[in-house]
Each structure stands twice: as C-alpha cells, then as structure tokens.
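Protein chains in written order, with the numbering used here: chain A, 1 to 335; chain B, 1 to 537; chain C, 1 to 286.
Possibly wrong hints are sitting among the right ones.
Between beta-carbon pairs, the in silico distance windows are [claimed, not checked]:
no.	chain 1	residue 1	chain 2	residue 2	range
1	A	117	B	236	54 to 60 Å
2	C	259	B	350	35 to 41 Å
3	C	195	A	323	33 to 39 Å
4	B	329	C	95	53 to 59 Å
5	C	42	A	175	52 to 58 Å
6	B	234	A	190	36 to 42 Å
7	C	113	A	117	38 to 44 Å
8	C	42	B	487	54 to 60 Å
These are computed hints drawn from the structure, not numbers from a lab. Don't be surprised by glycine CBs; every beta carbon is placed ideally from N, CA and C.
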Amino acid sequence: MRIVALILKRLAWLVPTLAGLVAIVFFISRVIPSDPVALLAGETASLAQIELLRQKLGLDRPLIVQLLDYYRQLLSGDLGTSLFTTRPVWDDLSARLPATIELTIAAMIVAVALGIPLGVLAALYRNRFVDHFLRVFTVAGLAVASFWLALLLQLFFAMDLRWFPLQARITGFPPPSLSGFYVVDALLEGNVGRLGNVLAHLTLPALTLALPALATVVRFTRAGVLETLQRSFVMYQRAMGIPVGLIVWKYVLRNSLISTVTQIGLLFGILLAGTVVIETVFQWPGIGGYAFEAILHSDYAAVMGFTIYAGVVFGIVNLIVDIGHAVLDPRGAAA
Amino acid sequence: MPNRNRGKFLEVSRRELMAYGGTTALAIAAGLDATTFAAAAKTRFVFANESDYDTVDPHAAFDVGRVAVRLNIYDGLMRWQRNPAVLEPWVAENYTISPDGLTYTFKMRRGVKFHDGTEVKAQDVVYSFDRILAVGKGAASLFKTMVEPGAAKAVDDHTVEFKLKKPSAIFLSVVPEIHIVNATLVKKSESGGDWGQAWLSKNSAGSGAYKLTQFDPAIGFVAERFPDHFKGWGPKWIDEIEFRAVKDTNTRVLGLLRNDFQGIGGYLQTDQLNRIKASGNAQVLEAESMRVMMAQFNVTRAPLNDVHVRRAINYAFDYDGFNKDILGGLVERNPTPLPNTIWGVPKDVKGYSLDIDKAKAELAQAKVKIDKPIELAFLTGFQQTEQAAQLLQNGLTKAGVPSKVVGYPWPTIVEKFKDPNTTPDVSVYWISTYYADPHNWIGEMFSSSTAGTFKNAAHYKNPKVDELLDKALRSTNQAERAKLYEEVTRIVVDDAAGLWIYNTKWYGPYSNKIKGIVFCPIGSAQEMRTAYYESES
Amino acid sequence: MKAALDILRKLLRDPAAAAGLVIVLLLVAVAVLAPLIATHPEAVWDMNPRQRLLPPSEAYFFGTDRMGADIYSRILFGARITLTIAITAVGAALLIGVPIGLVSGWRQSWLGEALMRISDIFLAVPQIVLAIAISQTLGPSIENVILALSVTYWPWFTRLVHAEVHSLRNETFIEAAIALGVPAWRIILLHVLPNVTSPIIVRTSIGMGFTILTASALGFLGLGAPPPAPEWGRMISESREFLPEAWWYALAPGLAIFLVVMGFNLLGDGLRDVLDPRIRRASTGR
Chain A
1 MRIVALILKR LAWLVPTLAG LVAIVFFISR VIPSDPVALL AGETASLAQI
51 ELLRQKLGLD RPLIVQLLDY YRQLLSGDLG TSLFTTRPVW DDLSARLPAT
101 IELTIAAMIV AVALGIPLGV LAALYRNRFV DHFLRVFTVA GLAVASFWLA
151 LLLQLFFAMD LRWFPLQARI TGFPPPSLSG FYVVDALLEG NVGRLGNVLA
201 HLTLPALTLA LPALATVVRF TRAGVLETLQ RSFVMYQRAM GIPVGLIVWK
251 YVLRNSLIST VTQIGLLFGI LLAGTVVIET VFQWPGIGGY AFEAILHSDY
301 AAVMGFTIYA GVVFGIVNLI VDIGHAVLDP RGAAA
Chain B
1 MPNRNRGKFL EVSRRELMAY GGTTALAIAA GLDATTFAAA AKTRFVFANE
51 SDYDTVDPHA AFDVGRVAVR LNIYDGLMRW QRNPAVLEPW VAENYTISPD
101 GLTYTFKMRR GVKFHDGTEV KAQDVVYSFD RILAVGKGAA SLFKTMVEPG
151 AAKAVDDHTV EFKLKKPSAI FLSVVPEIHI VNATLVKKSE SGGDWGQAWL
201 SKNSAGSGAY KLTQFDPAIG FVAERFPDHF KGWGPKWIDE IEFRAVKDTN
251 TRVLGLLRND FQGIGGYLQT DQLNRIKASG NAQVLEAESM RVMMAQFNVT
301 RAPLNDVHVR RAINYAFDYD GFNKDILGGL VERNPTPLPN TIWGVPKDVK
351 GYSLDIDKAK AELAQAKVKI DKPIELAFLT GFQQTEQAAQ LLQNGLTKAG
401 VPSKVVGYPW PTIVEKFKDP NTTPDVSVYW ISTYYADPHN WIGEMFSSST
451 AGTFKNAAHY KNPKVDELLD KALRSTNQAE RAKLYEEVTR IVVDDAAGLW
501 IYNTKWYGPY SNKIKGIVFC PIGSAQEMRT AYYESES
Chain C
1 MKAALDILRK LLRDPAAAAG LVIVLLLVAV AVLAPLIATH PEAVWDMNPR
51 QRLLPPSEAY FFGTDRMGAD IYSRILFGAR ITLTIAITAV GAALLIGVPI
101 GLVSGWRQSW LGEALMRISD IFLAVPQIVL AIAISQTLGP SIENVILALS
151 VTYWPWFTRL VHAEVHSLRN ETFIEAAIAL GVPAWRIILL HVLPNVTSPI
201 IVRTSIGMGF TILTASALGF LGLGAPPPAP EWGRMISESR EFLPEAWWYA
251 LAPGLAIFLV VMGFNLLGDG LRDVLDPRIR RASTGR
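Bound conformation, chain A alone (with noise of 0.2 Å):
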C-alpha cells in the first residue's frame, strides 16, 4: 500500500515539474532576447515586419495567455511539427526512441557488469595498486569528453583496425522490427547472423556511453563497500574469523546492489546526456541525434519538443527507479 501511495505521489509529482520546465523552457525563449519576435524574424526585418509577425504569431496577446495555450497544445499530446521533417515531433521521437533505449540499456549493463566488481575489487584492495589504478581511471573517465573518445574510438577499432563497424544500428537497409529493439528482434527470429550484426554495431556506441556511468559506478561501489566494511556487525564477523569472501558476497555486495539501483537515475541521467553527442558521431538513430539534426537546421519546435520529451522520459525512469528502490529497500522508501 505504501508502494502505491509512492506512486502516486511521484506521479502527482511529476506533472508540475514537467509543467515547470515547460514553462522555464518557454519564458527563456519570449523574455531573455530583448524581443523574441525580432529574434524569429531575423536582424534584419523592418518594424513592419515584425509587427505583422508578431500578430501572426498571436505573440502580442499577454504571456500567460501564451504560456496556456501553449499547456493546451501540448495536453493534447501535439509537441509542434517539425520545421524540417514536416512531421509531428512527437511522431519522430517516439519513432527514435527505441534506438536510444536500447543503446542506452546496454551502456547501462557495461557500467553496472563491469563496475560493480570493480569498485569492490578497489574498496578490499583499498591503497593497494588496484586501488590507485582504478582511481585515476575514474577521474580519467570522468574528465573525458565524450564526443572525443568516440571519434578516437570509432578511428582506431572501425577505421584502422576494422573490428567493429563505423556507424548505424544494422549493416544496410533496417528491416520493419517489431519491438523496436533490434536485439530483441534477432533473439525472437532465432537469427544468429543478424543477432552478431547488431551487437557489432552497438560495441562502441555503448562502450563510449557507458565510460563515465562506469566510473561513477566504480566510485559509488567502493565508497559503499568501504562503509559497510567498517560496519560493527562486520567488523564482528571478520573478528569471528568468518571469511571475507562471504562477508563481501552476504552484506557487501547486496548493499552495493540497492545503493546503484538508488543510483541508477543519476546514471540515466548521465546516459541520457551522452546519447546527445555520441548519437551524432556513430549515426545512431536515436532521439539524440534527433536533437543535433534539429540544432543544425534550427528547427526550433523539434528542439523544444525533444526537451520536453526528455523530461518525459527521464521522469518516468525516475519514477520507476523509486519505486524499485522502495520495493528492495522499505527502510529507505520515504525520500
């Protein structure tokens, strides 16, 4: 019963902030340029010109009266129509979203896999050489751009050594799918081909994604497994002489496990802001590479519709985040 009235809670939540960032999102683009409607018309238009713009645009009726109709438009799920593709926003992401999901997931899975053991491996050697390695090679993956290493990456392992292909999802033409997920996709038709085919394409984009989602996996974990380390009931079973290994297997690593669920929005919200640029560099066609196609043809509405888009999603994970939290750890449930 708690569960539910978390739920709903978060979701009650949920609509205000979203209708917030809407609004920061709209009153940016009218109130910050000394006028938007100067902006939208261009330097060089008359006063005529944008007069007759701005009545065209029914940007002269009051700003509230704007923002609502705005708040209108979108309830009825119409995020604007794309300057450039002449669909709904809304049809195109959701077209994408997919591609970024699953890439997405599978960055997740790197960075939790490898970062886990990792950051336990760093927290018993603790000061040890593993220890110090790892530590720079978190900061390092941490100060890295990632746009950079995706570019080094895609040079050295598609170009130079032609391990792993260059770019998209699928070697040529994608065939109609029909979960979206081309992983799943291969698994459900049994085909081993297309199956090795698309892992081979989701190597690097998902290695480079999940670089700085690992480090701070790494670092989470062993900062966690170092506190429940120095915990009185461990230290009194290390005392007992109980070995480490199945202290670390019992207490260690299913604290570690509910710390990186509770993190896992963070992590989303790492992922999420890397799929913007690497989406690019690989060709993925994700909402990502959505947003820097609709940068470089400016179109505004797709921009603005992607942003909000993203607050949907990002929302949503959160949401179902907590609630994971709350079911494997009710002590922590009432954040």
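Using the hints, position chains B and C against chain A.
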C-alpha cells in the same frame, strides 16, 4: 594515427563474416571468392547522400540533393542526357512548336508502363503538370512565369499540348521537370484536396527504371529494377539501389573506403578526394561540369547598396587561397556569374582578385557608413561555404570592415531569401545546372522578376539588365542571345552585384567495381539505369 | 589565513590533489599569458590557407588547422574562453544557488519547499538537454553558453546547501543562538555559512570540470562561440573531416579538455578529502 596501407579487402569484413555464420565461412574456407558467391545473389548499390530524403514526392523538390528520386523512379516527356547536356525526347517521341512560339505539342510513345502495369497516357501528363502548379513547389515557380493554370491539355491519349503566356526560350529546357505520376493511383489517395501529397511523399506512382520498395524518411529509400521500363536494359544492370542519408562527410568517406557504400555524394574537400584516389578500392570519376560557387549580395540594404562597398568586398576575398590551397586546385576561378564553359560568357572579363589596398581605396569612396558587422551567411553542413565565409571575414577584417559569420540550414535560408528585409547581407552557396542555358544562372540571378527565389538573393533591380534578359528569353537565335548575355555579364560584374568564386568539375567517388556511371550536369550521375558491376575474373 | 595554508599543506601531501592544483594553476597561467607564450598570436583571427593542415613541427607545435592557423596558439587562447565560461557559469550558479539553499534550508516553510521544487524543475532533464534548448533559442555565442550553463547548474548548489543547513539547524549551538534572540541573518551569515563553505568549495571545483565538458559539447554541436573563436569543442568538430590523416587536429584540443577537467576533478577530490573527511568520496556523485 599512422596511415595504414588500405589494400583491397573482401567485400565483407572479417567481423561480419563471423557474424553471418556458417555458410559464408565455409565458402571462404573452400577458397571461393566472395564476389562469385554474390553473383548468384542480387546486385546492390548503396549511395550515401549528404542530405535527407525526407520525401519521395517528385513534385515537392527541385534540388540536387534529392534528384535520385526523380531520375530513377519517374520519367518525363524529355530528359537531359550526356555531357555537355543534350535535351532528348524521353517518354515523348517528338515535339513541335507552333510558329508563334506559344504552343508546344508532344507526341508520346505507346506502351510506356507505370510500375503497376497501366499505360502512361497524356491524361497522366496533364494531371502531373496541374499538380506541380497546384502544389507550388519544385519547378512550379519557373513554370508559373511561363503558363497559366490549365495550360496543359490532352489532345488524345498520346498527345499533350501546352499553351504558353508568351514565347519562352527556356520552356523546353524545363519540361524534364514534369515528372509523370500515375494519375489514377494518386487521385485514389487524395485526401482533403491535397493532391495526394501526404500519400505520395511516402509512396511512388512512377514509371521509371526502378520502383520504390522501401522508404524511411530518417534513413532513405530502396528501389528495385523495373524490368518493363520502356528504355529497355543492357546485358548487365543493378538489381537493387539504395539511397540513404549520411550527413557526416567523414562517415561517408570512410564508409566508401570500407565498401559500406558504393557511391557517395556531397561536395568533398580535396583532401578527401585524394584519400579516396589513394585507396585501393575506390575511384573518383571526373567530368566537366557547370556549378558555380558564389557569394550573393543583398543589394537593397546598406552598406551593400553602395557599389564601392560591393567592389571592396570583391577585392577582399583570397580567391587563390581558396581555390588553389583549400580546394587543392580542383576548381577553376570563375570571375563571372556564368560558368566559364557555357556560351554567353564574355571572354575578356577578368573579374576581381585579392587586393586589400584596392579594397580600402573603394571603401574610401563609399558614401554609406558601415556601422555594424556585415552578416556573412553560409550553409550549415557544407564546410566549403563555411570556410569561404571565414576567409572573406578574414579579408574584410584586414580591410577594416567588421563582419560576422552565421550558419543557416538550406531550407531556412531559402525562406529568408523571399523577403529583402530578412535576406542576409552576403550568402555563400552554389548554383548548379538545372537546365543547360545561361538563363539558369545570370537570367535567374539578376532579373527583377525572380528576386527572392533561391537563385536570386540579391534582389537586384536594373531596368537595363531586365530589358536585355527579356530580349534574350524571347529570341531563339543562340548567337543573338549570346551577345545579350555577354552584355548583361559585363554590366553585372562592373556593378559588383555579387562575388563569384569558382566553377568546378564534377567529382564522383565510387567503388572501383562500378561501371557505366554516366554523368550529366543535370542529375549529377544519379541515374542508375546504365550502371552495373564489372565481375571479377 | 592560517587555516587556508594548513589546508594547502595537507592538500599538497596527496600527490593526485597536488597534480590537480598544478594543472589548474597552469590553466590560469596559460590563459593569462597567452599573448606572450603563443607562437602565432594572430592565429586567433588570421588565416593562411597555404599553411593548412600541416603536421606538428618546430614552427607549429601542434600543427595547423583547416584554415592554416596555428593550433598551439589557438589552444592557448582557447584556454581563455574555457576559463571564462567555467568561472562565470559556476560563479553565477553559486551566487544564485547558495542563497536559495540557505533560505530554503533554514525554515521548514512553504517558501523553502517551493524553492526546492523549483530547483527540481531545472533537474528534470540532464543539464546538456536544457542547455541545448536555451543556446539554440538564443543563438551561438559565449554569453548564451554561460547563461545556459549557469541556469542549469545552480540547483546543485542549492541542494547541497539546503541539506547542510537543514542538518546544522538542529545543532545545539544554533539552537542556543536562536534562543538568545540573535537575528536569523546573523546566525546564517556568521555561524551557518562558514560551516557550509567546505562542501561548496568542493562542489565548485568539480562543477568547473563538468561545466567545461558540457560547454565543449555545446561547442562541438555548433552552439558555442562562432568562428573564428578558438573554442576547443568547436575545433574538434571541425577536425572530423580531416581524420585520420590530420590526427593532431583532433588530438590537441581533446587532450586540452581532458587535462583541464582532470585537473579540476583531482583538485576537487583532494579538497573533499582534506576539508571534510566525513563526506564520503562518492556521496555527491557529480
């Protein structure tokens, strides 16, 4: 990173071989050449284009970026072929022009089939023409200057007649842009009086050498060979063509080198062309062409409304630095708006060259004050225009003129051109060959009647020039027209109505194994009908 | 002052933190001295197509770019842009976020709640997403990048300060002060703020690093300073076409970004260890 020796690789990379499982691996193990294997399968050609195929409606666009759709999936009454371009009857067998130059009558071939098997009739041509005018995109703006709505009539099932408002020397040249759509099919899919735009943007109703099988606006399109095409087929052909959008230049080039693509587009830098030539598995085809790169001036607004400022800007651009160094000498300096290779160019006009002192001298004579930075607009995604803009900015700075460089995507800047108040001061881009006639350049660039179209960002209004251009349009005598265009060119160059940089050859990067690519300045070799793979032996 | 020197000494004992401090100081020095140490100071605006895409040499330490300008000099002047953006954006975020955090953490009032919820709104999307929306709307320029980044970063300071103030609120010495009738503003300024300083300093250092990464990503996407400004992210974007032959073109700016962010991160980590060992290494995440 060391430049590894890129030898000839198998068509399929090692990694993908492993991924594709047993059969291929066995074949390799048995020593079979992968291409022999492929010969039994369909032949495919993948082209990586620099811009999107956001629609496959042939009447929605007129640009070079999406020409692959129009040339391969559709046919017209006439078509430009070969280089230098020649206008050939296509679906039409022949044509006649009435003595007063107002009526054009085309007799069509019989038995030309649409992809769904029905015959192409005059009524389809009429519908297509009406549709172009109604939809108002693509070549409509050109046609509207020559005809009224309803100018096309089906005299009988295989004869079409066009009635013009006034005689026009270029009407015939633009007829190839009337792509014939299957009227019955499109009419069935009309909704809300849209002339089938919603449907035709994603589907095809054509008769061309290839028929559309797959389309995704985020990726591109796939088309397969239409065996019943009226032109027939040679002994070899390509079964399936795929045109996809790969906007990043480097990815296109690398993809060609890896044989992910067999042809790529986009106006590549010299460095990349050299890299392609040096690789073992790709070639760069070359052909004389007519595509002029220029900077258009908005002459309606200060400070560019002063001829001295315009001349100063012309003296501030490092033409040699751009053509010889940045573009590695692969282009020719072109000092006038007309490509050097076409008739109508005055041979004695030398044009401007880099001379900062002369620029300053001109500025000293200017009557207007330059009190804010001049806007130099370039096309986002086209690095050459950005570099040209930066180079011009550099020269202007040395001459003491402030400027700023701003990028716009092509559709956005075309919108801005429509109104002289929103047109940027200086806009850098190209004008390609839409039809092989001087009017394609100097006529459309400087006639006051075309001000605001994508070729005329100058909004230039000179009554003398208008008079000369009008005469040239009415005449059908090429020698007479040549003299008129030469005179217009001299006026415009002296008036520094723009800045003209180069004329370029066409460079086509393709896989080594492709043969039969035929270049025509209109179409940029994207007609795939004649292409085939040479087989290994 | 003695406290500051004390902190410095402890900091320098940690080799990683010392390295970080050195890098940051180097960055500042480079930015300030750029005109003096640049071999081709005119490379910021002048171009020479004849010298384009030359590999590193004695004349051009990092080679030349596509317009023939010296990359080494451009990177040095680019440090100015990087530092300006980082300091201004993080500084602005601090000036906005800290006071809001103080106010909202002090009292359990509706105002505090409301302020926290507003900060939630700015965290509804990853920083770069909102920064893109803002920069795209306002146009590519350094000022707009700074605006976009400061507007999206202040909530991190607010949350931090809010949490600290909230816990400090219940300390006995604070309660005593309130009971004695000391006005709230005095308590906050003289007693609360000094205790909050340490986490703020740590957050600032780490924030500089992340701001630089986000700013260079915006430059890479074309939303940063327009040409010919020598912004590092934009230089990497320009270099893509000429790889892998002109490898120096992408390597130099990328390494510059990497080094600088690494410096701030190491410094931040070191400061955290020194200033408040209570704070766990990973608790603040970013």
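Now for the hints, and whether the structure bears them out:
A C-beta distance of roughly 57 Å is found between residue 117 (chain A) and residue 236 (chain B), which places it inside the suggested range of 54 to 60 Å. Here the CB-CB span from residue 259 (chain C) to residue 350 (chain B) is close to 51 Å, at odds with the stated 35 to 41 Å. The hinted range of 33 to 39 Å is satisfied by residue 195 (chain C) and residue 323 (chain A), whose Cβ atoms lie roughly 36 Å apart. Separation of residue 329 (chain B) from residue 95 (chain C) is about 55 Å and conforms to the stated range, judged on CB atoms against 53 to 59 Å.
At about 55 Å, the CB distance of residue 42 (chain C) to residue 175 (chain A) agrees with the hint of 52 to 58 Å. For the hinted restraint 36 to 42 Å between residue 234 (chain B) and residue 190 (chain A), the CB-CB distance of approximately 41 Å keeps it satisfied. Our hint of 38 to 44 Å for residue 113 (chain C) and residue 117 (chain A) holds, since their Cβ atoms are close to 41 Å apart. Our hint of 54 to 60 Å for residue 42 (chain C) and residue 487 (chain B) is violated, since their Cβ atoms are close to 44 Å apart.
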